[in-house]
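Peer 1: So the sequence lines, in the order shown, correspond to chains A, B, C, D, E and F. Adding 12 to a residue's 1-based position in the first sequence gives its number in the working numbering. Adding 12 to a residue's 1-based position in the second sequence gives its number in the working numbering. Adding 12 to a residue's 1-based position in the third sequence gives its number in the working numbering. Adding 12 to a residue's 1-based position in the fourth sequence gives its number in the working numbering. Adding 12 to a residue's 1-based position in the fifth sequence gives its number in the working numbering. Adding 12 to a residue's 1-based position in the sixth sequence gives its number in the working numbering.
Treat the hints with care, as some may be off.
Since the list gives no way to pick out one identical chain from another, each pair is judged satisfied if it fits inside one copy or across any two copies.
Straight line, CA to CA, 30 Å or less: simulated BS3-like cross-link-like pairs of lysine-lysine [stated by the list, open to error]: (1) K95 <-> K224; (2) K45 <-> K224; (3) K303 <-> K45; (4) K54 <-> K342.
Honestly, the hints are just simulated from the structure, not real lab data.
Listed below are the residues making up each chain.
6 protein chains.
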Amino acid sequence: MIIDCHGHVTAPDQLYVYKAQIISHRGAHGRGKHGATDEDIKEALNSPVFGGTSHLEQLKEVGTDMQIISPRPYQMMHSEQPKVVRWFVEETNDIIARQVKMYPNTFRGVCGLPQSPGVSPKEVLPYLEKCIKQDGFVGCLLNPDPSECTSTDMPGLGDRFWYPLYEKLCELDVPAHIHSAGCRAERLTYSLHFINEESIAVVSLLNSNVFKDFPTLKVLVSHGGGAIPYHLGRFEASSLRAPGPRFSERMRNLYYDTVLYTKEALHCCSRPVGVDRCLFGSERPGVGTVKDPLTNRWMDETRDLIEAFDWLSSADKKAIFEDNARKVFKI
Amino acid sequence: MIIDCHGHVTAPDQLYVYKAQIISHRGAHGRGKHGATDEDIKEALNSPVFGGTSHLEQLKEVGTDMQIISPRPYQMMHSEQPKVVRWFVEETNDIIARQVKMYPNTFRGVCGLPQSPGVSPKEVLPYLEKCIKQDGFVGCLLNPDPSECTSTDMPGLGDRFWYPLYEKLCELDVPAHIHSAGCRAERLTYSLHFINEESIAVVSLLNSNVFKDFPTLKVLVSHGGGAIPYHLGRFEASSLRAPGPRFSERMRNLYYDTVLYTKEALHCCSRPVGVDRCLFGSERPGVGTVKDPLTNRWMDETRDLIEAFDWLSSADKKAIFEDNARKVFKI
Amino acid sequence: MIIDCHGHVTAPDQLYVYKAQIISHRGAHGRGKHGATDEDIKEALNSPVFGGTSHLEQLKEVGTDMQIISPRPYQMMHSEQPKVVRWFVEETNDIIARQVKMYPNTFRGVCGLPQSPGVSPKEVLPYLEKCIKQDGFVGCLLNPDPSECTSTDMPGLGDRFWYPLYEKLCELDVPAHIHSAGCRAERLTYSLHFINEESIAVVSLLNSNVFKDFPTLKVLVSHGGGAIPYHLGRFEASSLRAPGPRFSERMRNLYYDTVLYTKEALHCCSRPVGVDRCLFGSERPGVGTVKDPLTNRWMDETRDLIEAFDWLSSADKKAIFEDNARKVFKI
Amino acid sequence: MIIDCHGHVTAPDQLYVYKAQIISHRGAHGRGKHGATDEDIKEALNSPVFGGTSHLEQLKEVGTDMQIISPRPYQMMHSEQPKVVRWFVEETNDIIARQVKMYPNTFRGVCGLPQSPGVSPKEVLPYLEKCIKQDGFVGCLLNPDPSECTSTDMPGLGDRFWYPLYEKLCELDVPAHIHSAGCRAERLTYSLHFINEESIAVVSLLNSNVFKDFPTLKVLVSHGGGAIPYHLGRFEASSLRAPGPRFSERMRNLYYDTVLYTKEALHCCSRPVGVDRCLFGSERPGVGTVKDPLTNRWMDETRDLIEAFDWLSSADKKAIFEDNARKVFKI
Amino acid sequence: MIIDCHGHVTAPDQLYVYKAQIISHRGAHGRGKHGATDEDIKEALNSPVFGGTSHLEQLKEVGTDMQIISPRPYQMMHSEQPKVVRWFVEETNDIIARQVKMYPNTFRGVCGLPQSPGVSPKEVLPYLEKCIKQDGFVGCLLNPDPSECTSTDMPGLGDRFWYPLYEKLCELDVPAHIHSAGCRAERLTYSLHFINEESIAVVSLLNSNVFKDFPTLKVLVSHGGGAIPYHLGRFEASSLRAPGPRFSERMRNLYYDTVLYTKEALHCCSRPVGVDRCLFGSERPGVGTVKDPLTNRWMDETRDLIEAFDWLSSADKKAIFEDNARKVFKI
Amino acid sequence: MIIDCHGHVTAPDQLYVYKAQIISHRGAHGRGKHGATDEDIKEALNSPVFGGTSHLEQLKEVGTDMQIISPRPYQMMHSEQPKVVRWFVEETNDIIARQVKMYPNTFRGVCGLPQSPGVSPKEVLPYLEKCIKQDGFVGCLLNPDPSECTSTDMPGLGDRFWYPLYEKLCELDVPAHIHSAGCRAERLTYSLHFINEESIAVVSLLNSNVFKDFPTLKVLVSHGGGAIPYHLGRFEASSLRAPGPRFSERMRNLYYDTVLYTKEALHCCSRPVGVDRCLFGSERPGVGTVKDPLTNRWMDETRDLIEAFDWLSSADKKAIFEDNARKVFKI
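The task is simple: from the sequences and hints, build the whole structure.
Peer 2: This is the structure in structure tokens:
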């Protein structure tokens with residue numbers, strides 16, 4: 013069985029019409045709702061997107077059996093008015109929860125959180141608890157920069173600022189999936205901001221006491237851990253000068269998804285962090301859902317690349333494709 | 013012959029005593045000078061640093077014949093008072109120029125520039141010209157974020173803001189070596205900020221018209237191009253949706269140094285960008301100058317890792333170790 | 013014939029999905045387009061909105077023959093990134109232009125402008141000219157506060173800051189329709205911000221030299237001139253202390269729409285400004301499209317209220333309902 | 013008997029000399045006092061102001077028997093240094109209290125409060141209590157924008173921020189009279205800012221729980237309620253879509269003064285809010301104290317306009333001119 | 013003959029009533045005027061102030077024959093709205109000019125300038141020229157900190173920012189009298205801010221090229237040169253390390269008034285700067301106009317202290333009391 | 013015996029190399045240490061500085077037997093990152109403590125404090141206690157402006173903000189020596205900022221309740237009390253208008269060092285404050301360590317100037333040179 017641990021919801025238009033309204037009227041028309049019916053939601057999953065076929069078809073095309081879906085991050089607008097963020101996150105999670113209910117063999121849900129810059133994560137805990145306990149979500153997204161690149165002073169994930177969230181995650185025994193949202197700076201796109209924030213998150217967490225203080229905390233880092241596996245040697249060198257475990261050992265406190273679209277990168281990520289720390293992910297349909305005219309293959313069709321690694325046993329591959337996700341998300 | 017294209021100056025204490033003064037008196041004691049003699053400068057290169065031996069010995073230990081040295085970036089303090097920045101850059105470059113003169117077979121110099129946030133690069137052009145034409149430098153450092161992580165609105169390197177500098181670099185036929193300086197945000201260190209800024213720089217340059225407008229511009233990116241070779245597939249996918257050459261082709265407009273300290277990373281970088289775009293670099297003595305107790309080898313001793321790549325011919329290796337640097341820096 | 017001079021476009025969902033995307037990806041997916049077909053656009057006008065029936069039906073229900081439509085103001089997000097504002101304004105105007113083309117007997121278009129706080133109106137002039145000359149628009153919206161209530165230092169409309177726009181409007185012989193957009197302050201809604209900004213606009217214009225310097229300028233003020241006709245006595249008193257014409261005379265330099273939903277207000281507006289300065293407007297479908305359970309009439313069905321004024325002759329009424337709009341918009 | 017519920021103090025020059033000093037020396041000369049004697053204070057009321065005659069004469073000229081006087085709002089400078097604001101408010105209230113004592117048949121006092129932007133109203137409660145209990149004031153002014161138009165983020169009057177004040181007003185059984193002070197933005201004058209703030213205040217209060225939580229709270233809105241009675245239909249329409257009483261009903265939670273200077277406006281205000289919610293006010297001597305050359309009447313001589321309304325009974329008129337003020341201010 | 017070079021105007025109350033109004037209405041009532049008659053102005057000079065007697069009497073009491081009067085600095089409010097500053101400065105200068113005209117044997121006028129923080133002194137030149145050429149002023153005040161202690165980045169008086177003013181002063185052949193205005197910081201009073209700003213002004217001017225570039229420029233420093241004569245040795249020492257004349261020589265480029273109220277201070281000031289650089293000043297009536305109960309003498313009655321210096325000849329004393337002022341102000 | 017109460021440490025280069033590093037890496041290399049050995053520290057005191065000879069020789073040259081040394085203030089960088097400030101202060105104090113230990117007959121130490129703008133002095137109390145009780149310091153420096161001239165809103169030393177520090181100083185029975193650090197404004201140097209801040213400190217303290225609330229508090233003001241003894245008459249006059257002791261009496265609550273380099277200034281300081289309030293200080297080697305070519309004497313060789321005052325008895329002189337320091341610092 014192939015579980016893709018990193019997918020984003022394909023929502024009906026109504027969700028985005030709703031977003032366009034609330035971001036502008038800011039509550040003047042009331043809170044409102046997206047208004048999509050189950051039919052609308054189903055249709056969204058069965059209509060062509062990105063590369064031509066539907067979300068559900070795209071999973072089949074590459075052999076994905078189950079996908080863990082979360083809000084589409086660039087849409088989450090965490091730096092907007094907190095009230096509006098909360099509404100939009102709730103409505104997005106509603107779509108996800110309904111899709112999971114409709115397609116219980118195909119989907120599991122990771123919820124978004126109504127994060128706001130400068131606001132303690134304590135504020136989101138009751139909502140997180142509700143998502144997990146009542147709505148059936150199996151984890152949450154965690155944006156290390158809810159300022160969306162408008163400030164440089166968000167506390168790093170290793171800071172005690174985030175401890176209330178870690179405590180609750182341990183209590184609920186669900187993972188956080190690190191994924192930033194939009195980026196309001198002109199000099200980089202949200203997509204590159206994802207990568208940079210993942211790097212910051214990994215280093216901040218691993219150079220802190222978080223895993224000493226929360227030994228059961230599960231954190232999954234998107235996109236192969238940002239730049240860190242690639243620059244492992246650099247951080248390893250620094251760690252050799254200081255007391256405590258070397259950086260490559262510490263890296264094994266985290267999980268990494270394989271949302272990387274070249275063989276070299278998949279190798280560069282999975283080799284040092286270890287098979288038991290990698291979860292297959294494709295983000296399909298998403299940025300990689302385009303056919304490379306040279307190979308006539310989808311860029312995000314990376315299963316074969318992993319299958320082809322001769323240094324991985326069958327059990328290793330099963331761990332990456334299925335077992336690790338089952339363990340982390342308790343599926 | 014082995015040329016290390018990425019080294020930083022080992023300066024005598026006087027330079028940093030000078031820095032500590034000017035950053036505090038801000039000119040109240042006059043501009044002053046570092047005051048180090050040729051003897052002091054020589055001694056600095058021959059006294060133990062970092063991993064135990066001297067800078068000159070450390071080069072020999074790993075078989076480096078020539079090193080291209082530039083200011084030690086984290087010390088450059090571009091976000092300080094512009095006058096003070098200018099003085100410190102001038103004094104640092106003075107040390108470098110004198111080391112190159114003393115050890116003409118061992119060193120070549122890349123100068124720092126007195127960059128300041130919000131100030132047009134036009135301001136540094138006369139000084140750059142002097143460094144190249146009179147003082148014998150063979151290139152310059154270029155910091156994409158002189159704000160040192162205090163703001164998020166510096167124009168990306170693809171912006172026309174930087175064109176006056178590119179024009180001058182073409183006219184002088186010397187390369188810019190991309191390397192940010194300090195980082196005043198708490199959530200990441202300067203070392204990780206280097207990586208993130210390199211990623212931003214690569215994407216900003218390659219998604220712009222810079223190389224169309226300056227086809228002879230030479231830009232060398234530090235640390236294996238930040239995260240971009242690792243995430244090549246992600247940017248490739250986006251490029252396949254838009255007109256123009258694919259991202260992997262555009263990547264060949266830049267040069268990359270091999271300041272990466274693992275085999276996987278060196279492979280992940282050099283494979284896609286191509287042999288003619290890689291320049292050997294070690295940053296030794298520097299962050300990687302520490303012995304791994306498991307292997308009993310220096311982390312920054314990466315020559316052997318490259319030598320061991322069986323997919324590289326002897327000519328390829330010579331290109332990486334020597335020829336490319338000769339061409340880019342006109343040595 | 014009844015011309016409603018103040019209506020807003022009923023656009024297909026695609027426009028708002030497009031908005032939700034660009035406000036978040038900020039160009040990372042390219043500029044894009046709303047993607048709605050003529051069928052989608054037609055369907056939007058023929059599907060139920062607000063009070064139950066379709067836009068086109070709602071006009072018929074109250075006897076409106078022709079409506080002048082403009083972008084839905086609260087959606088215009090002038091305080092967002094200028095590039096994104098421009099794209100959204102262009103796409104919105106595209107929908108309007110196509111509706112006017114499809115229903116030439118029913119609609120005329122007033123275009124939105126890509127205004128941004130702190131940016132000179134000079135920047136929008138080429139686009140305005142294209143809208144009028146090529147795309148058939150008969151006027152433009154003018155937002156006196158593109159900061160959307162995030163700052164208090166926008167120059168008033170009487171300031172020379174706005175002169176380039178006034179010059180172009182005179183040259184093109186089209187009116188500006190004053191209408192602010194969103195409101196990002198918590199203490200008031202956009203709807204009340206409309207009113208307050210209209211008051212500021214009227215006073216700023218009438219206490220300036222604008223109509224001395226641009227005697228042919230046509231300016232239509234939304235919602236019965238904000239609070240000013242109601243507080244006419246207050247401003248009249250001040251004007252009697254200073255040289256120049258009295259305020260009530262100066263008020264006749266402007267045009268006012270009758271988007272007021274009570275008899276008393278319609279009287280209070282139209283009486284002092286004069287019949288030749290009033291244009292019938294209903295904003296239907298819009299905020300007033302709700303049935304009052306006490307009267308069982310639409311709140312925005314105000315034609316009868318005006319018809320019932322015994323102090324108006326038939327010619328007066330025809331002026332308000334048709335002739336003035338024909339003259340101002342050259343229909 | 014005619015009671016004018018909205019008048020402002022005519023103070024001796026010493027008060028303003030005092031203000032000019034403290035705003036500049038900021039306490040360096042000590043707190044000081046205005047220094048005016050009872051003679052000075054009396055003289056101020058008996059010397060020509062504005063339209064030619066004295067304050068006391070002006071009341072007689074239009075038949076006002078009693079006037080409720082408060083600080084002259086545009087002078088209150090709430091956005092200045094809090095210490096200086098407090099001193100000036102205290103000195104102004106001192107003048108008022110002494111005038112009330114000298115002319116007990118003619119004046120009643122409404123005190124100013126030393127409000128400061130961003131400071132909780134809790135700070136002013138002891139002083140308010142002293143004014144009411146010891147100094148004989150019958151109400152207080154309430155400025156919804158002590159920032160004087162320098163910021164856009166003051167909490168609206170419906171916000172719990174203001175609850176401590178409402179609690180104290182109920183306990184003391186005195187009304188708040190809503191009236192903003194100066195305006196430091198360039199785009200509008202303080203006089204128009206009054207109107208806009210009154211509109212914001214009315215909507216914020218009526219769309220909140222304030223009158224549910226404080227059913228005995230008495231709030232008098234200046235200048236006929238800003239723009240709201242004029243735009244009643246707009247707010248009524250919105251209210252018909254939401255649960256709870258319609259807006260026109262909610263409007264009856266407030267009191268409105270009749271400081272409007274045209275027949276149409278007086279009609280437009282008093283008709284919908286109801287006779288029992290209107291208090292006669294003229295602000296004389298003030299902005300309206302100028303003779304209209306066309307009618308040869310004072311602009312602020314509005315008693316006759318109200319007397320002429322044929323839809324009002326004698327009892328209605330007595331309510332507006334006398335009874336309502338007696339009830340609200342417990343005279 | 014005794015000339016007191018440093019006195020401030022005693023203005024009628026109307027000036028300050030005017031100030032209190034314009035600072036609050038900001039032009040909403042028009043520009044207006046102070047409205048004081050010649051009688052009012054005369055009365056102000058003949059009514060008791062400060063220490064009990066009138067301004068004119070106070071001069072006689074200490075034997076002052078002529079006084080050079082300027083605006084009362086702490087009232088000048090340079091950090092307020094520029095338009096309001098300009099009006100108040102003009103009105104204040106009007107009072108001064110009329111007093112000089114009324115008492116030509118007693119007074120000469122030094123005008124205030126409508127300075128504003130961040131605004132080039134070029135803006136005030138036409139007004140300065142008018143004051144000197146048409147209104148008979150013999151010099152101007154110069155505030156080195158029009159921000160009134162709200163910012164720390166005003167250019168020092170040695171900066172080229174001020175050159176347009178120096179050029180005009182030379183052309184008109186009149187002196188600038190350095191005197192700051194208010195102080196909006198809480199940690200010091202305006203009176204101490206005067207001193208600190210004078211110190212900054214003296215050092216900034218003397219360590220610049222101003223007197224090289226404007227050899228005929230006349231600058232009079234208030235209050236005995238701030239702290240500089242007292243700390244002369246400190247600055248002398250620094251100057252001995254650098255090229256150019258020693259600091260004590262450079263100090264002779266400036267003039268200093270003797271507004272110091274102890275024998276030791278008068279000695280400490282006049283001794284090093286030289287007799288030809290000292291102008292008698294008392295600021296009477298002012299801060300020093302109080303009787304010391306121990307000596308029963310006015311604190312600002314300092315003439316005797318100077319007379320008592322045995323190291324001064326009669327000619328020296330005449331220079332200080334009369335000749336230097338005649339020369340600097342061309343009386 | 014001659015005790016110089018105001019000297020600054022002559023530290024080895026390593027301290028400033030350390031500073032240059034931490035200010036740039038901000039902890040990325042760990043906290044680190046200056047690394048100087050006792051030999052380095054001794055050598056620093058015995059190597060030529062400033063005027064040519066060594067620190068120890070310079071004391072002998074002018075006959076100083078003992079000197080109280082503190083951190084070199086302009087280097088203290090209080091406005092930098094608090095963590096970095098703390099490290100540098102600790103390392104600097106370490107050098108001082110070791111010098112005192114090495115030369116117990118020559119030196120006593122006054123420690124620096126890790127002050128930061130906006131941070132309560134409570135934060136430094138444990139460290140202060142450790143310095144005094146464990147490390148043998150006899151007092152501390154106190155910077156009234158840790159913002160280093162980047163803001164104007166630091167609470168004055170008379171404010172209760174500073175009370176926790178005063179309480180601890182009384183408990184420990186050690187003095188605070190007022191001395192600001194750097195100055196980041198362009199318009200004045202740190203040296204002049206010292207003077208201005210001392211003036212502000214003196215006035216703020218003496219016009220507050222500090223010495224009423226802490227009668228045993230000992231405060232020594234640097235550089236002869238800033239400008240205040242020079243302007244004593246000005247402040248005396250103000251005090252005569254208010255209740256309480258006259259300013260000259262209050263001045264006797266403080267101690268003043270004689271770091272003034274002219275006879276007139278030494279006289280102007282010591283005369284009014286009284287012999288028992290003056291402590292001999294020279295700051296040698298420092299700003300005054302330069303030979304005046306006219307006199308061939310060091311500018312900071314001021315002992316003879318004091319010796320020459322004929323109004324001082326031998327006992328007076330001994331008090332200034334020795335006894336007062338013994339008492340204040342409990343030597």
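Peer 1: Does each hint fit the structure? Answer for all of them.
Peer 2: Hints, one by one, checked against the model:
Taking identical chains as interchangeable, the C-alpha atoms of K95 and K224 lie at most 30 Å apart only when they sit on different chains, with a minimum of 24 Å there against 35 Å within one chain. Within a single copy, K45 and K224 get their C-alpha atoms only as close as 42 Å, which misses the 30 Å cut-off; across copies the closest is 27 Å, which meets it. Taking the shortest Cα distances, K303 and K45 sit within 30 Å of each other only across copies (22 Å), while inside one copy they are farther apart (36 Å). In the homo-oligomer, the alpha carbons of K54 and K342 lie at most 30 Å apart inside one protomer (26 Å), although the nearest pairing across protomers, at 49 Å, exceeds that limit.
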